[in-house]
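In case you want the letters, here they are:
2 protein chains.
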Amino acid sequence: MHLENNVYLEGEDALIIIDRRKLPRSEAEVYCTDHVEVARAIEQMMVQGAGDIALTAGYGLYLAAREMERQDDGLDMAVLKQAADRLCATRPTGFHLAVLMGKLLERVRKHAGGKASEIILAVLNKSLARQREISQATGRQAETLLASGDTVLTHCFAGAGLLYMFKYAKENGKQIKAICTETRPYLQGARLTAWSLSEMGIDTTLITDNMAAYCMSKGMIQKVFTAADRIAMDGAVANKVGTLQLAICARHLDIPFYILGYGGPDRRTLRGNDIPIEERDPREVIEFQGTPITGERVKAYYPAFDITPPELITGIVTVSGVHKPLKIASA
Amino acid sequence: MHLENNVYLEGEDALIIIDRRKLPRSEAEVYCTDHVEVARAIEQMMVQGAGDIALTAGYGLYLAAREMERQDDGLDMAVLKQAADRLCATRPTGFHLAVLMGKLLERVRKHAGGKASEIILAVLNKSLARQREISQATGRQAETLLASGDTVLTHCFAGAGLLYMFKYAKENGKQIKAICTETRPYLQGARLTAWSLSEMGIDTTLITDNMAAYCMSKGMIQKVFTAADRIAMDGAVANKVGTLQLAICARHLDIPFYILGYGGPDRRTLRGNDIPIEERDPREVIEFQGTPITGERVKAYYPAFDITPPELITGIVTVSGVHKPLKIASA
Numbered sequence: 001m002h003l004e005n006n007v008y009l010e011g012e013d014a015l016i017i018i019d020r021r022k023l024p025r026s027e028a029e030v031y032c033t034d035h036v037e038v039a040r041a042i043e044q045m046m047v048q049g050a051g052d053i054a055l056t057a058g059y060g061l062y063l064a065a066r067e068m069e070r071q072d073d074g075l076d077m078a079v080l081k082q083a084a085d086r087l088c089a090t091r092p093t094g095f096h097l098a099v100l101m102g103k104l105l106e107r108v109r110k111h112a113g114g115k116a117s118e119i120i121l122a123v124l125n126k127s128l129a130r131q132r133e134i135s136q137a138t139g140r141q142a143e144t145l146l147a148s149g150d151t152v153l154t155h156c157f158a159g160a161g162l163l164y165m166f167k168y169a170k171e172n173g174k175q176i177k178a179i180c181t182e183t184r185p186y187l188q189g190a191r192l193t194a195w196s197l198s199e200m201g202i203d204t205t206l207i208t209d210n211m212a213a214y215c216m217s218k219g220m221i222q223k224v225f226t227a228a229d230r231i232a233m234d235g236a237v238a239n240k241v242g243t244l245q246l247a248i249c250a251r252h253l254d255i256p257f258y259i260l261g262y263g264g265p266d267r268r269t270l271r272g273n274d275i276p277i278e279e280r281d282p283r284e285v286i287e288f289q290g291t292p293i294t295g296e297r298v299k300a301y302y303p304a305f306d307i308t309p310p311e312l313i314t315g316i317v318t319v320s321g322v323h324k325p326l327k328i329a330s331a
Numbered sequence: 332m333h334l335e336n337n338v339y340l341e342g343e344d345a346l347i348i349i350d351r352r353k354l355p356r357s358e359a360e361v362y363c364t365d366h367v368e369v370a371r372a373i374e375q376m377m378v379q380g381a382g383d384i385a386l387t388a389g390y391g392l393y394l395a396a397r398e399m400e401r402q403d404d405g406l407d408m409a410v411l412k413q414a415a416d417r418l419c420a421t422r423p424t425g426f427h428l429a430v431l432m433g434k435l436l437e438r439v440r441k442h443a444g445g446k447a448s449e450i451i452l453a454v455l456n457k458s459l460a461r462q463r464e465i466s467q468a469t470g471r472q473a474e475t476l477l478a479s480g481d482t483v484l485t486h487c488f489a490g491a492g493l494l495y496m497f498k499y500a501k502e503n504g505k506q507i508k509a510i511c512t513e514t515r516p517y518l519q520g521a522r523l524t525a526w527s528l529s530e531m532g533i534d535t536t537l538i539t540d541n542m543a544a545y546c547m548s549k550g551m552i553q554k555v556f557t558a559a560d561r562i563a564m565d566g567a568v569a570n571k572v573g574t575l576q577l578a579i580c581a582r583h584l585d586i587p588f589y590i591l592g593y594g595g596p597d598r599r600t601l602r603g604n605d606i607p608i609e610e611r612d613p614r615e616v617i618e619f620q621g622t623p624i625t626g627e628r629v630k631a632y633y634p635a636f637d638i639t640p641p642e643l644i645t646g647i648v649t650v651s652g653v654h655k656p657l658k659i660a661s662a
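So the protein lines, in turn, are chains A and B.
Okay, so the first sequence: first residue is 1 according to the numbering used here, each after it adds one.
Okay, so the second sequence: first residue is 332 according to the numbering used here, each after it adds one.
FYI, nobody ran anything at the bench for these hints, they're computed from the structure.
Heads up, the beta-carbon is just placed ideally off N, CA and C, and yes, glycines get one too.
Mixed in with the good hints there might be a few duds.
[Stated by the list, open to error] If you want a taste of the chain A side facing chain B, the calculated C-beta under 10 angstroms gives, among others:
id	residue
1	P24
2	S26
3	V30
4	L105
5	N172
6	Q175
7	R184
8	A190
9	D203
10	Y214
11	T243
12	L246
13	R251
14	I277
15	Y301
16	P309
Go ahead and model the full structure; you've got the sequences and the hints to work with.
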């Protein structure tokens, strides 16, 4: 399946990242040989999606451990912790990153005698396998919500679970079409979602972000599915900016709005308003792929995520089923 | 004032259009020497906004009349009517185009003895002056709705009335900021509105189309203003696609949503649903300034306008005042 894994080790001391910003036009490979390069790659959005960001950062921590091991000075937990902090600081909104970093440090501490890089790698391999299982289970749960003839609107790239949802629906003989918002400024909807669905043989139509309500008002959309970068215990969801306005419009036009929630909420985040919203470089809005699109005196603003309150969400789909947002804490 | 007039005659037999698709990066001038070239320029969106499209088409009809007059065969009303039909077929959603073409043909018919090109030009010169008066009067009415400290969200380019609104507010000592959606796929909000407001010294911030609800939810926006390509007698408004979702979000988040309605409704269009929505070449969505942004199997859809129902509109601002949408028929 496209986009399920875009990060892999080359030998023992280098990480290769397929630069998602350049897909589908080119499959550019970026080599990272230490954790700082990995952190920069994450900041520059070469990887995308809360789960993939976490895994990539995990490989960054692995490279930091390898570096210490090569120097034969033995493991310095303080240095490893610094590397983890650097990697955690890359993207504040998703919660998988901090959770995985915490888990990796914890495991290394517990097995003080073992080789840190091997301990980290074992956890990452397990996480990778587990992430695929979660995507498949979430896709299977989401598929039960679809009726043959539905057209699904989706925003940004909602992860492999979205692709599995379409795959299973097809296997079950359901005719499901996709409409994808392009998702400015990084165009993940156009470059990742529309591309991968169309390559799977799904009837896929691209629209700009401002056409969603029109399509809804014309009866062209039966269901909306997006992912979540973080789900709070109150059922609020942080996801790619634009999710909130899709949810408002879906509610106004009486269209079910679902979140692919994968593993469920972040138990340490009680309320949606507690989720930090990453603000990125305004230049990414002022420019389109490097070309300025307006005058020099214009400022720009780039919040990368928004918060959708639970009352606008029909259901949150996780591995264990479809949950009412207000009950996600007990899911 | 920027963008008040981008079309003018050079001598008696050529029309110069400043290509709005290239602003603000270059002020490319396009020469048209017959009405077919003018029609193509309109179709290709070198001019923008219902009023400007109508005036440009008027100059196209003038060129058609000049062509006949140069050939000394005398005026053939059937040929002039054909030229008017070609020009009318360029863009179906705005209503000013058909109204002006009808008026120009009517005037030529009435003054059967006169020189058609001169009759047409006299009407156009009057329309141009009248259009400026309407923009100023509308801007003056709209300005009364603003309170110092307001930030106004606007979409696409809402015409010179919007610029006058900001100008008058500034003259009256009101501190008003602007947030502009970029307005994909043609980026009129970034290229025309944000540019011209910032050049007027207004504090102007650009966002992508999917950030509007987030900004509203954060209390960053006090009022929304857009234009109308056509107002129906039931108070529904056709405007650049994306207007509907701004209106839905504004209502949900309790923010006043105003339409700059200039001259008011189209008396021949009873209901919003009667307004034809222009669908443009999907390639304009699949590509960004000529570069494909997704895979080859992806389709695209490009409705250029949408319809906002009267119940989502706080007020329609015309030369005569601010009207409740449901009462616009008697305005």
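Results of checking the hints against the structure:
no. : hint : in the structure
1   : P24  : holds (5 angstroms)
2   : S26  : violated (12 angstroms)
3   : V30  : violated (21 angstroms)
4   : L105 : violated (34 angstroms)
5   : N172 : violated (22 angstroms)
6   : Q175 : violated (16 angstroms)
7   : R184 : holds (4 angstroms)
8   : A190 : holds (4 angstroms)
9   : D203 : holds (8 angstroms)
10  : Y214 : holds (4 angstroms)
11  : T243 : holds (8 angstroms)
12  : L246 : holds (8 angstroms)
13  : R251 : holds (8 angstroms)
14  : I277 : holds (8 angstroms)
15  : Y301 : holds (5 angstroms)
16  : P309 : holds (9 angstroms)
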